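Here is how the chains run, residue by residue.
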Amino acid sequence: MAHAAHEDARPTLHMGLPLPHGKLAMWLFLVTEIMFFTALIGTYIILRNGTPTAAEPWPKPHEVHLVEALGAINTFVLICSSVTVVLAHWTIARGKIGATMGLIAATLALGIVFLGIKAVEYKAKWDHDILPGHIGERLEGPTGQQYVKRIRPQLQHIVDEHHGVTDAALADCKQLLSDMTDAEGRYAIIAPEVGRRVEEILHRHDEAQNPGLHLTPAIPYGNLWASCYFALTGFHALHVLGGLVVFVIILLMGLTGRLAVRHEAMLEYTGLYWHFVDIVWIFLFPFLYLI
Amino acid sequence: MSEAHADAHHGPNVRGYLIVFAALSVFTVVSFVINDFVRGDKMSAMSGMLIILAVAVVKAVLVGAYFMHLKYDWGRVFFMIVPAFILATMMIFVLLPDIVLAWK
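Chains as they are written, first to last, in my numbering: chain A, 3 to 293; chain B, 1425 to 1528.
The hints are simulated quantities; they were obtained by calculation from the structure and are not laboratory data. Heads up, a few of these hints could be off.
[To be verified] Computed spacing ranges between beta-carbons, pair by pair: (1) B:Y1496 x A:G259: 48 to 54 Å; (2) B:I1510 x A:E209: 44 to 50 Å; (3) B:M1467 x A:D129: 28 to 34 Å.
Predicted model, so just to flag it, every value in this text is computed and none were measured. Virtual Cβ for every residue (Gly too), placed ideally from N, Cα, C.
Could you put together the complete structure from these sequences and hints?
What follows is the structure in structure tokens.
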């Protein structure tokens, strides 16, 4: 070994680094992505651990209608798509273009399934009004009146429509609505009490039997949670969408007969990006859904 | 081009990829089950968190090493990844005082 090193001591000319330019470019791009997601996740860790107290802890997944099983299924979907994309690279290197096309199509389908499940989850947040700036908190302050103003028409709507709510839930909503206003039409109970009663109603009645029970919840740090959730999963979903565009391009190349063994590197670099997106989700899943 | 081509034949075979896939699937189930234990008070939140985080790190290493070919390419790309990890760790650490100093 020492002998070999001595022989190599004479400088030899190397043009650039011992790796293809494409791979170098993709890895440089991925390390900027590492910093991007570290900043997002780091900020989330600070916000989550910095301010909440024992009396007002960070929202639990069930409080903000986050279903752990959906997150786990999406983790599995992305893992499957990582396998299909790595096999697509393996097959194109061996000239099996047809198999590559099938695997890329499968990857595209899995990516769409991931975004579909994400859309179902976002829809649930929308339905339950778990959106940044909407959730009731610090109700003893000025936001309390805003919260009451938001809740009153929601209760009125439930009472008027009587659609998708059980009789028991409807009775509770009627009771709260009448308790909220005195004979002269003024607010009869203070905002923190309204928030407490709304949470009571939401917890007492089964969600599945009451799809029409749309009341803005009052959750301490709910707005901060929603901001973190949408920022982290939103940026990740945009990355998934970006990957899907590339898969569509590869499929179009294949369908027009232009995909060939010489595109092996392109598939490898696309795979590198896709696996990175998978790794980000591997961390987002426990951070948002589990821990 | 020739180098990229050579890589493909150094990498793991289909069997290797499927073993990694099985391991990743099992680890996903493990973190989900551990989470259920914590929710059901069968395990402390701290030990649950440590296991779940460790599982996530192992999964990320598996994806990086095998699917991203780092097991074979590490010697040629580490000079980009290592500084990014050092800077990422430093960024988390300089943010940490905000937790400690937060008004309780």
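How the hints compare with the structure:
1. Checked against the hint of 48 to 54 Å, the C-beta distance between Y1496 (chain B) and G259 (chain A) comes to roughly 32 Å, which is inconsistent with it.
2. Checked against the hint of 44 to 50 Å, the C-beta distance between I1510 (chain B) and E209 (chain A) comes to roughly 46 Å, which is consistent with it.
3. M1467 (chain B) and D129 (chain A) have their C-beta atoms about 32 Å apart, which keeps the hinted 28 to 34 Å range intact.
Hint 1 from the earlier list is the only one contradicted by this structure; the remaining hints agree with it.
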